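Q: Keeping their order, the protein sequence lines are chains A and B. In this text, residue positions in the first sequence follow my numbering: the first is 1, and each later residue adds one. In this text, residue positions in the second sequence follow my numbering: the first is 1, and each later residue adds one.
These are calculated hints, taken from the structure and not from any lab test. Just so you know, these numbers come straight off a predicted model, no measurement behind them. For glycine and all other residues, C-beta sits at the position ideal for the given N, C-alpha and C. It is possible that some hints are incorrect.
[What the hints assert, rightly or not] DSSO-like, lysine-lysine: derived pairs with alpha carbons at most 30 Å apart: (1) B:100 / A:13; (2) A:57 / B:65; (3) B:22 / B:9; (4) A:57 / B:22; (5) A:57 / B:9.
[Claimed, not checked] Residues from chain A that face chain B, not an exhaustive set, calculated with beta carbons under 10 Å: (6) 94; (7) 101; (8) 105.
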Amino acid sequence: KAGVTQTPRYLIKTRGQQVTLSCSPISGHRSVSWYQQTPGQGLQFLFEYFSETQRNKGNFPGRFSGRQFSNSRSEMNVSTLELGDSALYLCASNLHDRNTEAFFGQGTRLTVV
Amino acid sequence: AQRVTQPEKLLSVFKGAPVELKCNYSYSGSPELFWYVQYSRQRLQLLLRHISRESIKGFTADLNKGETSFHLKKPFAQEEDSAMYYCALGGSNYKLTFGKGTLLTVNP
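The task is simple: from the sequences and hints, build the whole structure.
A: In C-alpha cells form, the structure reads like this:
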C-alpha cells in the first residue's frame, strides 16, 4: 500500500511568487491535513479537508489556501511568498473522519529567497 | 484552546537506562493523545496512542487526566530509540496540536 506522497520534495521560490504543493493520500483515506514545520514554531496546523470540504483552518494568513479534489488528493497554495514561509510542509491523511492515526508524507521543503 | 507542552528539548541517556519523555496538555474536552516519532531522514510516524493502551517498541504512555499528562516511558533505552519525539493532542476539531518535540539521544 503506497504511503502519503507529496510533490515536489524541494522547491526554491523568490519572494512575491506563489507556489502550489500537492499531496496524494493513502488510498481510501478521505481526510487530508496540512502542517507547517519550522525550527522555531515546530509543527503548526494549516487546514484539514474531508470529502472536498475544509473543516478547520489554522491561524495562518489568507495567503495560505488549499483544496481537496474528489479523489481525495489535495493541494495547498501560498501566494505572495515571504521569507518566513520557508519551511517543511507536511501532509497527513487519515482513514476516519476524526483524528485517529494520521499518516504523514515526507514533506515538501520550501525555501523562499 | 488546545496546548501541548514538552518541557525538554533535548534528553540524553545511556543504553539500558530508563527513559521518560514528558508531555503535558491543556484541553477542555475529552482528549485523544498520541506520541509520534521521527527517526533521522524518515517521515513522522505514529508511535502509540492512549486509546489503544498498547506497548510499541517497549514504549508505554499512560494518560493521567488529573495531572493532564501523557508521559512516554521505556524501561531500557536502546540506541535505535534515538529520534525526535512529538506529543500530539487531537480534539473534536479535526486537527492535531503538537508539542515542540524532544530530541532523544541514547548513548552507547
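Q: Now look at each hint and say whether the structure bears it out.
A: Here's how the hints hold up against the structure:
1. B:100 / A:13: 27 Å, holds
2. A:57 / B:65: It holds: about 27 Å lies between the C-alpha atoms, which stays within 30 Å.
3. B:22 / B:9: 10 Å, holds
4. A:57 / B:22: The given pair, whose Cα atoms are some 28 Å apart, holds under the 30 Å limit.
5. A:57 / B:9: Roughly 27 Å between the alpha carbons, so the hint for residue 57 of chain A and residue 9 of chain B holds.
6. 94: Hint on residue 94 of chain A: holds, closest Cβ of chain B at ~9 Å, below 10 Å.
7. 101: 5 Å, holds
8. 105: 7 Å, holds
In summary, this structure violates none of the numbered hints.
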